[in-house]
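Mind docking chains B and C on chain A? Use the hints.
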Amino acid sequence: MTIDSNRRAFLRHGTAAVAAALLPVTLVDVAQARGVEPFTFAVLSDAHLQQMRGAEFVRSWDRGLRRAIAEVNLLTPAPDFVVFGGDLAHAGRRDELDHGAELLSALRAPVRHVVGEHDYYLDLGNAWSQLFGAQWYSFDHKGVHFIVLNSVLTDAAWMDAYSARPRERMEAVIGLGQAGAPAFQVGDAQRAWLAQDLRVVSKPTPIVVLSHAPLQRLYRGWNFWTEDSDAVHALLRPFDRVTVIYGHVHQLQYSRVGNITFFSAMSTAWPYPYPESYAQAVDVLPTLSIPENRADPFFERDGAGWQFINLASVKTELYYNLYNNPARSVIVNAHGDPEDTTYAAAAGRVPSQQHY
Amino acid sequence: MWRPDLYLNRPSILLAWLLSGAGGVCVAAPLGLPPVPVPADNPITEIKVALGEKLFRDPRFSRTGAVSCSTCHEPAKAFTDSPLETSEGVNHLSGTRNAPTLANVAYFKQMFWDGRARDLEDQSRHPFVNPVEMGLADRAPIIALVRTDPDYVRMFREAFSKEPAEIGMQEIMKAIATFERTLLFGDSPFDRWYYSGERGALSEAAQRGFKVFMEDGRCQSCHTIEPAYALFTDNRFHNIGVGIQRVERDLSRIQSAWLTARARGINVDKSVLSSGTSAELGRFVISEALDDIGAFKTPTLRNVAVTPPYMHDGSLQTLREVVDFYDHGGVPDATDPVSDFVSGGIRPLHLTDEQLADLVAFLESLTSPAFAGLATATKGP
Amino acid sequence: MKTGCRKAILAGVIVATALASPAAAADPFSAEDVAHWQSQFMDVVQTGRALWVDPKLGANNVTCGQCHPNAADTHPETYPKFQKQLGRVVLLWEMINWCLRNPLEGRAMAPDDARLIALQAYMTYERRGTALDPGKH
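Residue numbers (the working numbering), protein chains in the order written: chain A, 794 to 1149; chain B, 25 to 405; chain C, 8 to 144.
Next up, chain A with everything else stripped away, as it sits in the complex (with noise of 0.2 angstroms):
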């Protein structure tokens, strides 16, 4: 197949397979291929599936995931595997996790589930790893490395003043902005874990990081933060490319550090304002991001959506699929740094990204 970043100029060569695999992506330039065979994986995020009384869910977040299964299972040829960033339950409920469960059985594809604080603080993860599985592992893919974190850990000494108390344990992580709310981790041992798992990984293996927190630390105040995220990229240095992508912040993110490249997932529910829109938001780090546009909250979901990354040996594109607002495309430009391909030039922004 012959590549060409360019999607229109794709479209000339008419073959059913390329005419179908545009729907939401530009493949990139593999000339520079090292052995890895281009893949697309979807990622869904954050369906905060809501139950308010008995069967009864809060529609729009249903909808929302609802949609977002039904426009995956679309995708022709079908993406190798789909990501559940997590957070699939909003309050931690075993009625909330079970509901998603049943709705994501409906994706063609096979499923790779992260964990969220959502899913965890009601009972640390047991009913959620009883449906899911384990809360860190890793696996390869067509020559890259996969790793999955529980990002959302927090100090033992937190932990055990809620031990007696689980609803209130969950009641201090659901809302962003809460006073006393723990600032994640992903802790020693998980680190430690990950030091073992990278050591058989060869310095030129792309790898890619699946974490429901940003894996940086972007603001507090919002826990949009992961406390030990310095010692994490220590880890991923030696290593020539890596991608984290996250979720837990409902927008659209992406940057920089070093050789790790971080893209956001974006919610299926609801889109999050930025943190730097908080006046009394004190050290926020700004996002390198052209931000979304703006949301109208008529349109239910707008502003939320899910993603859908090519992989590519060199290049990474990840396509933002947003509810009511225009699709985003961010690819990996020739400097290594992630780069909207729409709204990159100043001149090209919208009054949509400045009127927040």
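Just so you know, these hints were derived from the structure itself, not from any lab.
A hint or two may mislead.
What the hints assert, rightly or not - With a straight-line Cα cutoff of 25 angstroms, these simulated PhoX-like cross-link-like pairs (lysine-lysine) come out: (1) C:Lys88 <-> B:Lys235; (2) B:Lys78 <-> B:Lys101; (3) C:Lys143 <-> C:Lys88; (4) C:Lys91 <-> B:Lys133; (5) A:Lys996 <-> A:Lys935; (6) B:Lys294 <-> B:Lys133; (7) B:Lys235 <-> C:Lys91; (8) C:Lys143 <-> C:Lys91; (9) B:Lys133 <-> B:Lys101.
For chains B and C alone, coordinates are given in the frame of chain A:
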């Protein structure tokens, strides 16, 4: 025959036209509507309007000599072919679309239910060669006719200062579009009540219905009413649940087949009127965005009471069925499952029976005086 | 500290007395008054904060704080303005009611409802220090 008094509300406009001669005229809008956008390269002149109307009504531009624009957009029926669900062209061949009214069509930013034509000029050239509309093999017969028919020759010369050999589709499209740009209808009972302050213009029920429209009904966001005027359309495309059920189960294959066909240069206009499945993809056939699957353009609600049936496929017969459809969250029956592709703007409304009836009363107040005598679609529970 | 406090109050009293001549008397409030009124206001702000994260505010358990943590992106400093969702120029409380009826699937409140006032107090307090920008979309 051109009847400006039938179509214009202000005698001053007619006077302006008569005085303008060959120059362009800025058409003032009726009560409740903003000024009409007119492209710089196609100013409105009286002769061009008359020429456009003549072309609009001429059935000779069809394979059977029986179909003109006015066949589906009959002026006496508020420029629709009510009560047909989907329009019929040559030999009564049926397409897939319900003919939208051309009253106030000038305010749209794209034409057709899926916006596949970028303006009135562009829109006018497609039906001539669509097999289920006028059915011509190509446009040569149209051009031949306007270059030889003495009335057309005279009118084209006067409108465009061009001799027959210079007349082509460009001039034909411009004339038709110009005529359509003058089809402005406001001044409904709602307009008089809301913009002129005529307290008695709207019934109590319609006034309550206006409140439903603006609040619990959630209508205003797409069918816009603003302090200065009411277009009743946001000029956007939304999947509100109509028709998507017919293709949802097989959607993967259908959209994939469409993308392949389009990459190979298939004619979009012909496909959407002949293929029941492609037709239901809606705006997606143009934008190829997942968000646009099954999405159709928000139509105006002006004169809605006299232009049944409703929706892009004519599937809803009465206004009560329409408001019930929205009340159920985008399905005809409350127990039907809602498609996964329905817009986030659509959701169950939990309106009371009285609110629904009041909403219908409000919609019935949007009829302009020119069409006040037409039968309304008020049947229903 | 106590001495200083007493000195301050004394100073305030002296100043107040000096100004108490009939020609200059206006609104003779003291630092104590200000502190008292401020705390009354902060109580309402706290109430607003509690409502902000209360699942019972609407009818579907969704809270304001889910989409607007710390009232971010509510922009009280831009009202009155043309609100697209309402099709006209409105005040902040009218948009709060829109949110109560739409994303929260609940009921609107009367403009003088104590809860509505508390919500506005909280939102504006979280936005303190921001310049007014009325009409900004």
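Okay, the hints, checked on the actual structure:
no., hint, verdict
1, C:Lys88 <-> B:Lys235, "holds, 20 angstroms"
2, B:Lys78 <-> B:Lys101, "holds, 18 angstroms"
3, C:Lys143 <-> C:Lys88, "holds, 7 angstroms"
4, C:Lys91 <-> B:Lys133, "holds, 19 angstroms"
5, A:Lys996 <-> A:Lys935, "holds, 16 angstroms"
6, B:Lys294 <-> B:Lys133, "holds, 21 angstroms"
7, B:Lys235 <-> C:Lys91, "holds, 16 angstroms"
8, C:Lys143 <-> C:Lys91, "holds, 12 angstroms"
9, B:Lys133 <-> B:Lys101, "holds, 24 angstroms"
In this structure, every one of the numbered hints holds.
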